[in-house]
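Undergrad: Just so you know, the protein sequences line up as chains A and B, in that order.
Throughout the first sequence, residue numbering follows the UniProt record's numbering, covering 1 to 289 in sequence.
Throughout the second sequence, residue numbering follows the UniProt record's numbering, covering 1 to 289 in sequence.
If you are wondering where the hints come from, they were derived from the structure by calculation, not from laboratory data.
None of the values given here were measured: they were computed from a predicted structure.
Treat the hints loosely; a few may be bogus.
It does not matter which identical chain is used: a pair holds within one copy or between any two.
As the list claims (entries may be wrong) - Subject to a maximum C-alpha distance of 27 Å in a straight line, what follows is the list of computed DSS-like cross-link-like pairs (lysine-lysine):
1. Lys147 to Lys134
2. Lys289 to Lys151
3. Lys103 to Lys263
4. Lys239 to Lys31
5. Lys134 to Lys151
6. Lys151 to Lys37
7. Lys239 to Lys103
Protein chains: 2
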Amino acid sequence: MSLIDEIDHLKEVIDDELNRIFVNKTGYQEKIFQAMKYSLFTGGKRIRPILLLKSCEMISGSYDEAIPFALALEMIHTYSLIHDDLPSMDDDDFRRGKPTNHKIFGEAIAILSGDGLLNLAYEIMIENTILFSKNREDYYKFLLASKEISKASGIDGMIGGQVVDILSDSESIDSLELEFMYRCKTAALIEAAVVSGGIIGGANEIEIDNLRKYGRCIGLGYQIRDDILDIDEDRAINKTTYLSFNSLETAKEKVEYLSKEAKLSLEIFKDNNITFLEEIAYYLINRNK
Amino acid sequence: MSLIDEIDHLKEVIDDELNRIFVNKTGYQEKIFQAMKYSLFTGGKRIRPILLLKSCEMISGSYDEAIPFALALEMIHTYSLIHDDLPSMDDDDFRRGKPTNHKIFGEAIAILSGDGLLNLAYEIMIENTILFSKNREDYYKFLLASKEISKASGIDGMIGGQVVDILSDSESIDSLELEFMYRCKTAALIEAAVVSGGIIGGANEIEIDNLRKYGRCIGLGYQIRDDILDIDEDRAINKTTYLSFNSLETAKEKVEYLSKEAKLSLEIFKDNNITFLEEIAYYLINRNK
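Use the sequences and the hints to build the structure in full.
TA: Written out as structure tokens, the structure is:
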């Protein structure tokens with residue numbers, strides 16, 4: 001299967017599972033189910049859950065046990081987008097060509113549907129840890145994966161990065177603070193996807209270290225590629241980006257370097273099937289849109 | 001120790017532990033730490049964490065293992081207040097006599113500090129489950145307590161109740177829908193406090209059932225008492241409450257009934273020290289402010 005075919009197949013798996021969560025969900029509060037579902041299905045690329053599943057599969061040969069955690073991660077990513085788009089945050093009316101959540105459901109329901117997705121992510125991880133665990137080692141493994149995701153999502157991860165992003169609108173930041181922001185806001189969740197997938201697959205500590213490095217490289221590379229594409233497309237930029245401190249050439253070299261480093265991190269897994277993770281790293285860091 | 005002395009002592013325990021979480025927490029995102037701390041320390045009565053600790057202690061004789069879960073519950077309660085107060089929700093400028101979070105820190109940081117508290121609650125529960133568990137039974141117990149709290153906080157619990165509350169501003173609701181709202185918005189988290197405390201203490205299924213009934217009675221009683229106090233204080237009410245469908249006398253009878261039922265639910269624990277839970281039930285349901 002080609003990379004794109006495999007991505008499409010995994011997207012279908014994830015979409016089906018996400019849909020199943022909302023089947024027959026009714027009640028007085030059903031407006032929030034609609035709002036959550038709306039944002040879960042506005043054309044997300046499912047990169048984080050796909051990385052989680054394939055990282056697990058690379059280690060263990062199967063991704064079945066990782067599915068609930070992949071869904072949880074996509075919910076956390078989606079809630080962050082809903083809250084980011086709010087009028088008091090980035091004030092975006094459209095995302096991926098569709099009206100943002102608050103434009104359709106109003107601000108109050110948008111905030112609550114974000115809250116609902118974040119909470120549901122944890123409900124799902126907790127419930128499935130109970131369901132899947134047969135022994136002490138299982139509990140430990142799933143809890144470690146949940147911990148990885150929770151840290152990456154929190155105030156020392158994604159939320160922390162978003163705080164710096166918001167504050168940087170009104171005050172200038174230096175290259176160190178930008179690096180912190182990129183690491184937290186974008187790279188943390190991508191790193192957590194790869195690492196938690198590996199943990200669920202049964203990776204040992206050295207393997208986890210290498211998966212972490214791989215995830216960090218593609219997370220940062222993905223973000224700098226974004227900055228390069230923004231310049232290429234000549235979009236209006238008032239924000240501080242990697243290109244505020246570096247030339248376009250340096251940025252491209254950095255992306256090239258991260259791409260190679262990501263590939264190198266996979267070398268210890270050479271007895272496993274690493275094709276997908278190798279190809280998707282290249283694809284994410286070197287994409288043209 | 002009198003009930004009030006004991007409540008004051010437990011509040012101190014909880015405040016100290018909450019404070020400890022933020023000691024030496026600095027970083028580019030430190031504005032969010034300030035915002036989270038601000039709302040955690042604006043005079044909350046700590047009812048939910050106190051119930052959690054004392055329910056655990058009633059079963060096991062100690063509440064040490066329950067502390068992180070009590071903190072998590074208070075964080076979830078606090079995040080819900082921050083988001084409830086937002087302009088697009090209840091639009092409150094003051095809470096407990098102090099400016100609300102968004103009045104001090106702005107809407108964006110208020111939303112993010114709510115998100116941060118919700119996420120941190122789960123980080124703490126997950127981390128301490130790993131830390132405290134020596135065997136399979138421990139993992140199961142702490143995960144069950146976390147599940148109880150997560151369900152009560154989510155779209156079929158507190159968030160679901162808040163959705164109905166928001167929607168009821170623009171459309172009238174009947175008594176069944178009001179009951180749903182009360183059960184979700186107020187009672188669910190109080191019930192979860194008592195039940196999860198019991199689970200951590202090692203309660204068996206019959207004991208959990210009785211703790212659940214106890215928690216549900218005081219949760220609902222607490223809310224109806226609120227409605228009665230609002231009438232007594234002649235506050236302007238445009239909202240549907242228990243008194244929209246029932247006379248003041250019926251409401252008082254209902255509260256009396258719930259108070260007795262709560263007490264009855266504790267009978268099976270008569271060999272344990274139930275004084276505190278008996279007294280706080282009466283205190284919460286029959287309070288005058």
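Undergrad: Decide, hint by hint, whether the structure agrees.
TA: Hints, verified against the model:
| no. | hint | in the structure |
| --- | --- | --- |
| 1 | Lys147 to Lys134 | both (19 Å within a copy, 18 Å between copies) |
| 2 | Lys289 to Lys151 | neither (29 Å within a copy, 40 Å between copies) |
| 3 | Lys103 to Lys263 | neither (41 Å within a copy, 48 Å between copies) |
| 4 | Lys239 to Lys31 | between (35 Å within a copy, 20 Å between copies) |
| 5 | Lys134 to Lys151 | both (25 Å within a copy, 23 Å between copies) |
| 6 | Lys151 to Lys37 | both (25 Å within a copy, 19 Å between copies) |
| 7 | Lys239 to Lys103 | both (24 Å within a copy, 26 Å between copies) |
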